[in-house]
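**Student:** Whole structure, please, built from the sequences with the hints as guidance.
Below are the chains, spelled out letter by letter.
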Amino acid sequence: MSGCKKALTMILAFALSITTLAGCQSGSQSISSAAKSESPNQPIVLKHWFWPDSDMHTQVMQSMVDDFNATNGKNIKVELEIHPWDGGQYSQDLFTAAMGGGAPDTAGFKLTSTPLFTANHLLEPLDSYIDSWEDKDDIQDTLYKTLRSVTKDDNLYLMPWNTQILYVYYRPSMFQAAGIDIPKTYEEFLQDCRKLTRDTNGDGKTDVYGYGIRGSKGGQEPWGSFIYARGGSFDNLTSDASIQGMQDFIDLFQDGCAPPSAPNDGFNEIIANFQSGLTAMTIQHIGTSVNMVEKFGDDVGAFAFPDSPQGRWTSMGDTETVMFSSSKNKEAAFEWMSYLATGAGQKTWCVKTGNVPVSKTVQQMPEIQNNRFMKISIEGAPFAGILPVLDTTTDWINNTWPATIQAALLGKITAKEAMEQLDKALYSK
Amino acid sequence: MKKEKLYIWPYLLIAPALFIVAAVVFVPVANAILMSFQSYDLRRPREIVFIGLANYIEVFHDPIFWGSLLRTALWVIFGVGFQFLFGFILANFLNKSFKGRGIIRSVSLIPWVTPGVLIGLMWRWIYDGSYGVLNDLLKKVGLIDMPIPFLAQESTVMPSVIVTIIWQGIPFFALMLLAGLQGVPAELYEAADIDGANGAQKLFRITIPSIKNTIFVTTLLRIIWVANSVDVIFSMTGGGPAYASQTLSVYIFNKANSLNLGYSSTMSLLLTLLLLVVAVPYLKSMFRNQEG
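Line order of the protein sequences matches chains A and B.
Take the first sequence: its letter number 418 is residue 418 in this note's numbering, and every next letter is one higher.
Take the second sequence: its letter number 105 is residue 105 in this note's numbering, and every next letter is one higher.
Be a bit skeptical, because a hint or two may be false.
What the hints assert, rightly or not - Derived, one-sided and incomplete: chain B residues facing chain A with beta-carbon distance under 7 Å: (1) P45; (2) I51; (3) A152; (4) A192.
To be verified - Rough simulated footprint, nothing fancy, chain A against chain B, three-plus residues with beta-carbon under 8 Å: (5) 38-44; (6) 122-135; (7) 229-241; (8) 248-262.
Said to hold, decoys possible - The following label-pair restraints were derived from C-beta to C-beta distances: (9) A:K416 / B:S106: 45 to 51 Å; (10) A:G277 / B:F93: 30 to 36 Å; (11) A:Q176 / B:K140: 27 to 33 Å; (12) A:T71 / B:A23: 42 to 48 Å; (13) A:K416 / B:M122: 38 to 44 Å; (14) B:V217 / A:Q59: 37 to 43 Å; (15) A:S326 / B:W66: 37 to 43 Å; (16) B:K140 / A:K152: 56 to 62 Å.
If you're looking for bench data, these hints aren't it; they were derived computationally from the structure.
Every residue, glycine too, gets a C-beta built ideally from N, C-alpha and C.
**Tutor:** Take a look at the structure:
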């Protein structure tokens, strides 16, 4: 009996140990299954990370994946993984997954994250693939140059996909009620923010705020327009001009032209405030235009951030795709990336979501040319730019910028102190 | 010789469990200690070197660390204090027999079983300065004229997140204390009634002494959990505005999230040492009870 018990316990202990070992072996199993997928009968499975800006984006992307899987003719099967953007948390999650050995084959990507990923050798250089790609010239050479310039090794890691140029959304009915037209200059824009801030029912309280400030994550992009409008720049955040731009931004909030919740307002809040009629203007890109039109019909318009004698800037929100160096199916991964950049995927995505195409062929299509929001995006293209791409940028965007701006809006620090803090965090190690 | 062989069996049997615990607990802890002495910043992986106590010195000179530590103290004292108070009241209420008690006991558990992130998002919208239901209610009863941006101003954000954690933790206290209350013999109260004791005397002379071990253990556990809690604050405010709701655990998370793992490991170790002040008496009491 005692021998029986011993044998039983031995078996149980062995089973437990095997389970543990099986856990340790999961990595090699997935490799072998990936290798298997290269056999003629098994599809080549690619995992692609994607962040949607709305439910509609998810549906459009899924339809593109289905189309690619059905038409690529090379037995490639893309599997979509949806991750929220969450004010930039997406990039952190992607980095964590890649560092932990769970990188997808391809992913939607933002330029500013490139140094972080390349410093850890996570991305695959695309030069050899693009050089032999038949659609290479369908994308502006300047775009390749911009994407190449963010790394020091002169490799190209990013495949262009689409761009989103920020502009100002406004409510024509509110402009009419305030007796104003679209601002032609930055000074007029600041004045209009005040004129649009109104007590509409005569109870002595503000019902409509002129401008929806985004004080939380992601707000650095619209904020940059204020800095440049006074002649400042990201290259010199502590200049008098940059500080004056910051002061304008603070004044709008402290003068009551933005909702009191502005310091904590992120993407969801500024859109909800605009769509509920609490704000008359807000800055966003074309990605939300479809939802705006669904909500307001003709009572929503857009204009490029107004000009100023000192300077003009708006944020070029970029979206690229990248291939991870850990991918076992790089040729297939590039096939999928090229479908998104210049193939049917480019057309479907840009026409249905309103994003600005990178493919010259798609840019000339009537569906793109006749979109009123696209026209405003294209109007902003000549003065659109990006944040400095440094290894400090991601942390600056996610932590330093929101905390510093919130402190400035709440009057804890002056505009000068805020700009000094922002400059230090961005440029010093 | 035979006896020695027999002693191997227990160790062999717990070996797989020990191996798993070592792999998922001890190795990461050892790694965190190691990283706290390194410039372990994944944004600059080629510059990772041992830097001795530099991270510790930097932490002690970091005003955000001290501010976060102070807010952690407020977060724990008020959060756990009121959780205990309301949990105790709820436990006493649920200990009485009345119609529908079973349903109320089940419903009262909802905040505890709801994921922290969901609670954070839910309360973020409750407190919203433009559409929040709380502002709407306060306006309707005439207490305010203009909505209060609870999470966007320094004076209200910390009390707001503390109210949320209180709401989340009340059921845990209620559940634990209720179990304790049900173990108090009814004869003690009958005897007290015969002796003419009033309600307060019964509370302080019978109820609290009888469940003091439960109170002790539950409070200590909750102090540790609340001090380590990240999800509620992170999903409500991210620690803002301007660090006004950032506790130490949220600061650690934010630093780790920005990939400065050396600095965040240093703060984690310091937080662990602070929590040991609480955990050691708890462990001592646990072992004392076991020995008893």
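**Student:** It remains to establish, for every hint, whether it holds in the given structure.
**Tutor:** Against the structure, the hints come out as follows:
Taking 7 Å as the C-beta cut-off, the interface hint given for P45 of chain B holds, the closest approach to chain A being about 5 Å. Residue-level restraint check for I51 of chain B is violated (minimum Cβ-Cβ distance to chain A is 13 Å; threshold 7 Å). Below 7 Å, beta-carbon pairs count as interface contacts, and A152 of chain B has one with chain A at about 4 Å; its hint therefore holds. Taken as an interface hint, A192 of chain B does not check out: its beta carbon lies about 52 Å from the nearest beta carbon of chain A, beyond 7 Å.
Judged by the Cβ-Cβ criterion of 8 Å, the region 38-44 of chain B is covered by chain A as claimed, because 3 of its residues qualify and three suffice. Residues of the region 122-135 of chain B with a Cβ under 8 Å from some Cβ of chain A number 4, which satisfies the need for three, so the listed coverage holds. Coverage of the region 229-241 of chain B by chain A holds [criterion: at least 3 residues with CB-CB distance below 8 Å; count 5]. Here the region 248-262 of chain B counts 5 residues with a CB under 8 Å from a CB of chain A, which clears the bar of 3, and the coverage holds.
For K416 of chain A and S106 of chain B, the Cβ-Cβ distance of about 57 Å falls outside the hinted range of 45 to 51 Å, so the restraint is violated. Against the hinted window of 30 to 36 Å, the Cβ-Cβ separation of G277 of chain A and F93 of chain B comes to about 44 Å, which falls outside the hint. The given range of 27 to 33 Å is respected by Q176 of chain A and K140 of chain B, whose C-beta atoms sit roughly 32 Å from each other. For the pair T71 of chain A and A23 of chain B, the supplied restraint of 42 to 48 Å holds, since their beta-carbon distance comes to about 46 Å.
At roughly 39 Å, the beta carbons of K416 of chain A and M122 of chain B sit within the given window of 38 to 44 Å. The hinted range of 37 to 43 Å is not satisfied by V217 of chain B and Q59 of chain A, whose Cβ atoms lie roughly 51 Å apart. Between S326 of chain A and W66 of chain B the beta carbon distance is about 42 Å. The supplied range of 37 to 43 Å therefore holds. For the pair K140 of chain B and K152 of chain A, the supplied restraint of 56 to 62 Å holds, since their beta-carbon distance comes to about 60 Å.
Figure legend: structure checked against the earlier numbered hints; hints not met, in rising order: 2, 4, 9, 10, 14.
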